[in-house]
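With the sequences and hints as input, model every part of the structure.
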Amino acid sequence: MMNRAMALKTFLVFGGGLFLLILLTWIHINQGNISIPVWTVFEAVFSPADTLEHHTIRVLRLPRAVMGIVAGGALAVSGAVLQTVTKNPLSSASTLGIHSGTYFAVIVTTIFFPFAMIMNGIITAFIGGVVTFLIVYILSGGGDATPVRMVLAGMIVTFLFSSLTSVLQIFYENETQGLFLWGSGTLVQNSWDGVRFALPVVTAAFLVLLGAARKLDTLKLGDEVATALGQNVKAVKFVTIILSVLLTSVTVSVVGPIGFVGLVAPHIIKLIGFRSHVPLLLGSFLWGAVVLLMADVLARYIDPSFSELPVGAITALIGAPWLIWLVLRMKRSGNTDGGSVMAGSSLVQMRLRVLLPIFSILVLLVLFVSMSTGNYGFDPSQTIAVFQGEAESFIRNYILELRLPRAIVAFTSGAILAVSGLIFQGVLRNPLADPSVIGITSGAGVGALLTMYVFSVSAAWIPLGAMAGAIVFFIIVMALGAKMEFQPTMLALLGIGVSAFGQAIIQILVVRADMGVASALTWLSGTTYATGYGELLSYLLWPVLLLIPVLFFYIRKLDVLALGDDTAKGLGLDVRSVRFQMALIATLLAASSVAAVGAIGFIGLIAPHAARLFVGTVNQRLLPVAMMIGGLLLVVADLFSRTLLAPAEIPSGILVAVLGAPYFLWLMKRRSA
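Residue numbers (my numbering): 228 to 900.
FYI, nobody ran anything at the bench for these hints, they're computed from the structure.
Keep in mind that the hints are not guaranteed to be accurate.
[To be verified] Subject to a maximum C-alpha distance of 30 Å in a straight line, what follows is the list of computed DSS-like cross-link-like pairs (lysine-lysine):
1) Lys447 <-> Lys497
2) Lys796 <-> Lys710
3) Lys236 <-> Lys461
4) Lys497 <-> Lys314
5) Lys784 <-> Lys796
6) Lys447 <-> Lys461
7) Lys314 <-> Lys447
8) Lys784 <-> Lys710
9) Lys497 <-> Lys461
10) Lys710 <-> Lys314
11) Lys314 <-> Lys461
12) Lys447 <-> Lys236
13) Lys710 <-> Lys497
14) Lys236 <-> Lys314
Following this line, the structure appears as structure tokens:
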């Protein structure tokens with residue numbers, strides 16, 4: 228019976244997988260913006276002639292299909308090995324940030340060191356991948372890292388590198404032209420060059436890993452047991468990690484960063500019951516090819532105009548729910564990290580009656596500096612002349628109608644995001660919570676883009692679309708969070724999956740809407756560019772007037788929630804109702820900010836933590852201080868966005884992410900210490 232069961236599993240994995248691969252390859256070759264009869268396709272493959280149809284199939288379509296097989300297999304094998312070596316079922320090149328590191332390295336080399344882009348940039352991509360893996364591995368605790376902590380570190384490193392990459396793409400649009408689609412993952416091939424380059428490297432690395440399969444099997448028993456069995460554990464880990472990063476690097480250098488294939492395919496094989504690394508690696512390669520070809524077929528089926536949806540977005544649509552399911556499965560198996568990053572305590576206890584005037588003066592000072600600063604430097608005399616009524620009409624209008632409203636929008640958006648983050652951290656008892664970290668911001672972005680480019684309604688409906696998207700994602704996050712009992716780090720991990728799903732939809736909408744690369748990246752990163760009184764009145768004023776005053780009376784309930792659900796219930800609090808109502812308010816606040824300035828992250832994470840340094844953990848005291856700090860952060864980011872590379876502008880959201888990502892990593896390192 229056991230032999231029959233194993234034979235059936237083997238047939239399903241390898242026989243069924245091979246059949247699916249052949250079928251998908253055939254469908255893939257038959258897809259295109261030019262209809263070619265099936266028999267012509269058959270002739271072009273097996274009996275080629277010197278005709279346009281045969282050349283189209285053999286030079287364009289067939290290389291693309293073969294590249295999908297090679298890339299999918301390489302990514303899947305890389306993921307399987309990383310999962311074993313790191314003892315982390317959630318490991319893959321995408322979840323550990325390796326993709327973002329390789330992509331960033333390629334972009335930097337393309338712009339500043341084009342002479343180093345030899346061999347398709349594989350050397351650059353490889354170095355970037357290795358360095359990124361080391362950063363994530365060290366920051367997550369090295370050998371003592373938990374799966375959750377490692378993936379969280381990978382997520383933040385991805386945010387950081389993605390922000391830096393976006394800056395370079397915006398300011399060097401000509402040098403990086405054509406890399407936007409590639410950066411989202413695409414199998415488009417114009418010849419066999421990509422296959423000729425990648426296939427030997429992938430084959431060699433794969434064969435070496437197959438040869439090391441037994442050594443990988445011993446690693447699963449634990450480092451001490453493997454050492455007792457005569458294995459040089461450090462050498463095995465070093466070689467296999469290098470080969471895994473090499474597989475990822477060669478793939479990225481040809482087709483760009485394609486995520487989640489290395490997560491989905493190995494788990495398909497493991498779920499069927501294969502644990503030994505010989506069938507695991509072989510099966511992962513086969514099913515990785517199936518997953519990637521299926522995603523590419525779906526991409527061209529979704530967009531019949533064949534304007535090329537990024538296949539990386541489709542794999543994210545498939546892989547993000549898979550990641551969420553794996554996290555829920557870890558909860559059922561008890562393999563979780565239920566802790567949280569330290570919320571922090573006050574370093575300088577200050578009374579509000581002293582602190583608020585100080586911050587108010589600081590806000591006015593920063594607003595004054597913002598109004599007085601332009602492309603030609605800092606000139607306070609002009610601003611003073613405006614308020615004395617002595618300035619020329621042009622200067623007066625420029626300062627009062629452009630700079631001042633933009634600074635006010637930045638301050639208001641930052642304050643709103645800070646309040647949203649504070650509420651989420653209190654409601655979920657999770658100091659990692661932030662509208663961007665748990666996926667609410669991406670949901671608002673999806674809603675806003677759907678409103679703009681799919682339903683084609685007037686701009687007045689954009690905030691409603693953003694709110695609808697944010698509420699839908701909020702309900703999803705809350706439902707999943709309830710199953711995880713709102714464990715802090717696990718909830719942040721679920722947020723990665725939800726956010727990745729939303730970002731995949733956003734990528735598809737951006738490509739379908741045919742937005743310019745720079746404008747698309749700017750909006751997706753969050754920007755205060757060209758904002759003014761219109762955004763303030765339409766999107767930001769009503770949350771401040773309606774929701775913030777309510778919170779000043781409602782915020783005390785967060786302190787009761789902080790005592791734990793059982794204690795809060797004992798004190799007469801309807802925990803479920805309060806949690807839902809306050810989280811809904813936080814969602815509406817985040818959505819209004821997205822509608823005004825796009826998807827700006829990390830303000831809601833940084834501002835509440837910074838406020839705790841001044842006033843402790845009482846939420847009623849935290850609320851006004853967090854608002855001040857959040858507003859100041861975004862005004863300062865807006866100021867630097869206009870001046871650092873003047874006359875060009877850096878999206879404010881990117882500057883905030885460059886500050887916020889290291890802060891998040893510091894919080895993680897602080898707890899692990």
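Hints, one by one, checked against the model:
1. Lys447 <-> Lys497: The hint holds at about 14 Å.
2. Lys796 <-> Lys710: holds, 19 Å
3. Lys236 <-> Lys461: violated, 33 Å
4. Lys497 <-> Lys314: Measuring from Cα to Cα gives roughly 14 Å; hence the hint holds.
5. Lys784 <-> Lys796: OK: Lys784 and Lys796 at ~11 Å, within 30 Å.
6. Lys447 <-> Lys461: Answer holds: Lys447 to Lys461 is near 14 Å, not above 30 Å.
7. Lys314 <-> Lys447: Holds. Lys314 to Lys447 sits at ~8 Å (cutoff 30 Å).
8. Lys784 <-> Lys710: Since the Cα atoms of Lys784 and Lys710 sit roughly 23 Å apart, the hinted pair holds (cutoff 30 Å).
9. Lys497 <-> Lys461: Distance of about 25 Å is within 30 Å: holds.
10. Lys710 <-> Lys314: holds, 24 Å
11. Lys314 <-> Lys461: Answer holds: Lys314 to Lys461 is near 14 Å, not above 30 Å.
12. Lys447 <-> Lys236: holds, 22 Å
13. Lys710 <-> Lys497: Satisfied, since the Cα-Cα distance of roughly 24 Å is no more than 30 Å.
14. Lys236 <-> Lys314: Distance of about 25 Å is within 30 Å: holds.
When each numbered hint is compared with the structure, a violation occurs for hint 3 only.
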